[in-house]
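Chemist: Sequence:
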Amino acid sequence: MIGASSFAAPLPKLDEYVDSVELYIPKLGVYDGRTLDRERLFSILDELSTCDLETSIHAPYFADVPTYPSGLVVNTAAMDKQDFRLMEESIDLAAEIGSHAVVIHPGIQKGDYEKSFNKMIANLKELAAFASDRSVVLGLENKENTAPDNLC
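With our numbering as the guide, the letters of the sequence shown map in order to residues 1 to 152.
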């Protein structure tokens, strides 16, 4: 199976060339700040329903670049209630549309490495339990050596 990210091309165009699409939540334009725009999401899902594509979801993550939506920055080593809500919305979306995988990123070290790492593990366990209840698997994207503060 060959797949591509949803920001590579419009869904109908991807449908011509690949079997699977990763719905890249940070760049889908379905959030206004930290609020999910369900109308925009339903429009994308409607377009997706005309395609013959398997799906996975790429959840929000930590990015410190101007092109990344600031409202969707999530550090899995330092999550608050709103961060959990954002991640849970991606997991719920995966379950709703029959995706079985959600890609997440490791956390960023802030201060003490061991404390940050242990907090990330605790947060990932909580997210994994939430995902498991919905028959969704989390895939941790290995970011080792891409930035000095990545935890893995």
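Check before you lean on any hint, since a few could be wrong.
Said to hold, decoys possible - Derived DEER-like restraints, expressed as beta-carbon distance ranges:
id, residue 1, residue 2, range
1, Asp112, Phe42, 22 to 32 Å
2, Arg40, Tyr17, 23 to 33 Å
3, Ala122, Ser49, 32 to 42 Å
4, Tyr17, Ser43, 45 to 55 Å
Hints were generated in silico from the structure; no laboratory data involved.
Every residue gets a Cβ at the ideal spot worked out from N, C-alpha and C, and that includes glycine.
Chemist: Any of the earlier hints contradicted here, and which numbers?
Modeler: 1, 4
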